[in-house]
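Novice: Here's the letter readout for the chains.
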Amino acid sequence: MLGFIKKDLLMIKSNIKILAILLLIYLVMAFQGQMSLSFLLPFLSVMVMMSTFSYDSYNKWDAYVISLPNGRKNSVKAKYLATIIIIILTTIIITILSFAVSYVKTNIIDFGSITVTIFGCLFATILLQSFIYPAMYKFGPEKARIVLMVIVFCVAIAGGIVTTYFDLSPLIKILEFINVYWLIVIPIAMILMLYISYKISERIYFKKEI
Amino acid sequence: MDIIISNSSNQPIFEQIKQAIKKAIVTDELKENEMLPSIRNLAQDLRISVMTVKRAYDELEQEGFIKTIHGKGSLVATKNIELLKEEQMKEIERYIDKIILISKSSNISKKEILETFEYLFGEDE
Amino acid sequence: MENILEIRNLCKKYNGFELQNVNITLPKGMIMGFIGENGAGKTTTIKAILDIIKNYTGEIKIFGLDNRKDEKKIKEDIGVVLDDMFFPEILTPNDINSVMKDIYKNWDSELYFKYLTDFALPKTKAIKTLSKGMRKKLEIAVAISHHPKLLILDEPTAGLDPIARNEVIDIFQGFIQNEECSIFISSHITSDLEHIADYITFINAGKIILSKTREELLEDYGIVKCSKEEFEKIDKSDFIKYKKCKYEYEILVENRKIFSRKYSINTIDRVTLENLMVLMIKGEKEC
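Chains as they are written, first to last, in this note's numbering: chain A, 492 to 701; chain B, 1117 to 1241; chain C, 7 to 293.
This is chain A alone, in the form it adopts within the complex (with noise of 0.2 Å):
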């Protein structure tokens, strides 16, 4: 199993020179711009992991890992332990650079506003990584990647439409008694959201025909 998450982080870590830079491009826009730093977060964990799928998938690692011990098994598994490695790992760096860059600009660190983007980021970081991981699998990260998009693009288009049309007032009720133990209930809807989803990728994944 620490084999099979060795293998993302390493293929991770053999393209840190970019990500890096990437992430230089960003820190100067948050200094001049208006460009919060938590919104790299997402951005940022989907984009590693979904290039560890285009490498898996070009060079067909998901059929040679079948011919090692316990492949089937722990490769869905090891992706997921990975995903959660990288989340865990953006979200330190971005929290300290975005402590960093409000104290540089401002010269105080506003706690509580960037601790909840932060938290509203991860919480999206998931839910968008829940939703793609199964595709990818089904897919193949060339379909998958299209997924995303419809997803991405139904959600933002159904937010306008339930924002335009509907009364939300209930729903922010809702929103303000979840803020109260958001603490507690969006970990936990997290952790569930994953576990689903690795489930069902699981699934998928001993399901298909190689």
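By construction, these hints were calculated from the structure, which means they are not laboratory data.
Every value quoted in this text rests on a predicted model; they were computed, and no experiment measured them.
Don't take every hint at face value.
Said to hold, decoys possible - Distance condition first, Cα-Cα at most 27 Å in a straight line; then the derived DSSO-like pairs of lysine-lysine:
#1 699(A) with 250(C)
#2 551(A) with 263(C)
#3 231(C) with 699(A)
#4 508(A) with 129(C)
#5 234(C) with 1134(B)
#6 1134(B) with 34(C)
#7 107(C) with 504(A)
#8 497(A) with 129(C)
#9 497(A) with 111(C)
#10 596(A) with 634(A)
#11 1188(B) with 79(C)
#12 75(C) with 698(A)
#13 213(C) with 699(A)
#14 79(C) with 564(A)
#15 1220(B) with 218(C)
#16 1134(B) with 138(C)
#17 138(C) with 497(A)
#18 138(C) with 564(A)
As the list claims (entries may be wrong) - Only some residues are given here: those of chain C computed to face chain B with a beta carbon under 10 Å:
#19 12
#20 29
#21 37
#22 124
#23 127
#24 202
#25 204
#26 205
#27 216
#28 219
#29 271
#30 275
What the hints assert, rightly or not - What follows is a set of in silico ranges between Cβ atoms, one per label pair, in the way DEER data are often shown:
#31 1221(B) with 280(C): 27 to 37 Å
#32 637(A) with 275(C): 18 to 28 Å
#33 1221(B) with 24(C): 46 to 56 Å
#34 1213(B) with 74(C): 55 to 65 Å
#35 275(C) with 1231(B): 57 to 67 Å
#36 135(C) with 603(A): 17 to 27 Å
#37 100(C) with 1207(B): 35 to 45 Å
#38 210(C) with 583(A): 53 to 63 Å
#39 79(C) with 594(A): 52 to 62 Å
Even for Gly, the Cβ is constructed at its ideal location relative to N, Cα and C.
With the hints as your guide, set chains B and C onto chain A.
Specialist: For chains B and C alone, kept in the frame of chain A given last:
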């Protein structure tokens, strides 16, 4: 010991191995009770299949040239010069058969053949 | 357990292709060459052995164990080189070592690095920068560095130049110096297998049409070349297949010695796997 394998020869590879080992035994290059290379080693060195070497060894054993001790390998059996000679004689007879066949089909007389033989053999001596 | 690999009645249906009742037996310590045209079912068979494909029927036993039930145990002792399937190409040989040592119980880093040195492979360059031959050699090094007992190789010499092919074949022969080890190797480059394989199994259009020892096939089988008149005199039960060429008949016979005793036809050649393949596929046999 030289074992030269020709791929284009019409003679099977296992036969070529047998011949080479027999020759080494006759010329005393391989002494009595001397170990032969292991089947797998010889196969690798000659770049041929294990089965081929095994077939050669099996037949050599059947013919009494070598013996195989389980778990140890094969070694040259107590030499039986008569057996070797008999073996070679059989081989020569096969060739003579061929000579007779060709000479009959092309009307070459026995005398002519014998003359040619004398000539070639004598030159060799 | 004398047979390292046993396949019984393997069937698998695809759209437009079917693997029909494939039976294969590979004894311990032997090399089996698995030959056939491209698309004959070689890769599908190998994928079934490794349980990569799904929905196949039949029984596959490796080391006497069921390939699905005892999957983990079996795979610890198998090394594979698969056509076109490998580690993601941005990884380096060094990376592969650190991954594999956590995957195989018996992974031998020292041995792996020895192979890398022997094959003159760089340790820290990404796989994608390697030439095709180097990449194949890397795949082979990866396949044998955990001391497997069975190597399953799908077209391991495809795309290699003659020098590299030679080196690779040397490695395989070195591998079976241990009598416990066997190799199942598929190839359409028949000359590679002609000398080193102990058994030849021949698949065509999803069916096994021949499975014999190398000795039987290449030393006993023969190709008779004769005229039409001569051909007509031959008993139909004395040959396997025949092919009518422009100036001659080519006939595949099971034992050239027996045949030459019975008939006075002089041209009987030993077969090569290549002309055996051609005659088996293109030849006719009327019954």
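Novice: Taking the hints in turn, state whether each one holds.
Specialist: Hint check results:
1. 699(A) with 250(C): 46 Å, violated
2. 551(A) with 263(C): 49 Å, violated
3. 231(C) with 699(A): 51 Å, violated
4. 508(A) with 129(C): 20 Å, holds
5. 234(C) with 1134(B): 38 Å, violated
6. 1134(B) with 34(C): 25 Å, holds
7. 107(C) with 504(A): Satisfied, since the Cα-Cα distance of roughly 18 Å is no more than 27 Å.
8. 497(A) with 129(C): Holds, at roughly 17 Å.
9. 497(A) with 111(C): Given that 27 Å is the threshold and the Cα spacing comes to 16 Å, the pair holds.
10. 596(A) with 634(A): 42 Å, violated
11. 1188(B) with 79(C): Violated, because 32 Å separates the two Cα atoms, which is more than 27 Å.
12. 75(C) with 698(A): 17 Å, holds
13. 213(C) with 699(A): 25 Å, holds
14. 79(C) with 564(A): Holds, because 14 Å separates the two Cα atoms, which is no more than 27 Å.
15. 1220(B) with 218(C): 40 Å, violated
16. 1134(B) with 138(C): Violated, at roughly 40 Å.
17. 138(C) with 497(A): 25 Å, holds
18. 138(C) with 564(A): 30 Å, violated
19. 12: 19 Å, violated
20. 29: 20 Å, violated
21. 37: For residue 37(C), the interface hint holds, since the closest Cβ of chain B sits about 7 Å away, which is under 10 Å.
22. 124: Check failed: Cβ of residue 124(C) comes no nearer than 16 Å to chain B, outside 10 Å.
23. 127: 22 Å, violated
24. 202: Because about 5 Å separates residue 202(C) from the closest Cβ in chain B, which is inside the 10 Å limit, the hint holds.
25. 204: 4 Å, holds
26. 205: Cβ of residue 205(C) sits 8 Å from chain B, so the hint holds.
27. 216: 16 Å, violated
28. 219: 6 Å, holds
29. 271: 14 Å, violated
30. 275: Check passed: Cβ of residue 275(C) comes within 8 Å of chain B, closer than 10 Å.
31. 1221(B) with 280(C): 27 to 37 Å: 33 Å, holds
32. 637(A) with 275(C): 18 to 28 Å: 58 Å, violated
33. 1221(B) with 24(C): 46 to 56 Å: With a Cβ separation near 53 Å, residue 1221(B) and residue 24(C) satisfy 46 to 56 Å, so the hint holds.
34. 1213(B) with 74(C): 55 to 65 Å: Given about 59 Å between the Cβ atoms, the range holds.
35. 275(C) with 1231(B): 57 to 67 Å: 34 Å, violated
36. 135(C) with 603(A): 17 to 27 Å: 49 Å, violated
37. 100(C) with 1207(B): 35 to 45 Å: 59 Å, violated
38. 210(C) with 583(A): 53 to 63 Å: 59 Å, holds
39. 79(C) with 594(A): 52 to 62 Å: Given a distance of about 57 Å, which is inside 52 to 62 Å, the answer is holds.
When each numbered hint is compared with the structure, violations occur for hints 1, 2, 3, 5, 10, 11, 15, 16, 18, 19, 20, 22, 23, 27, 29, 32, 35, 36 and 37.
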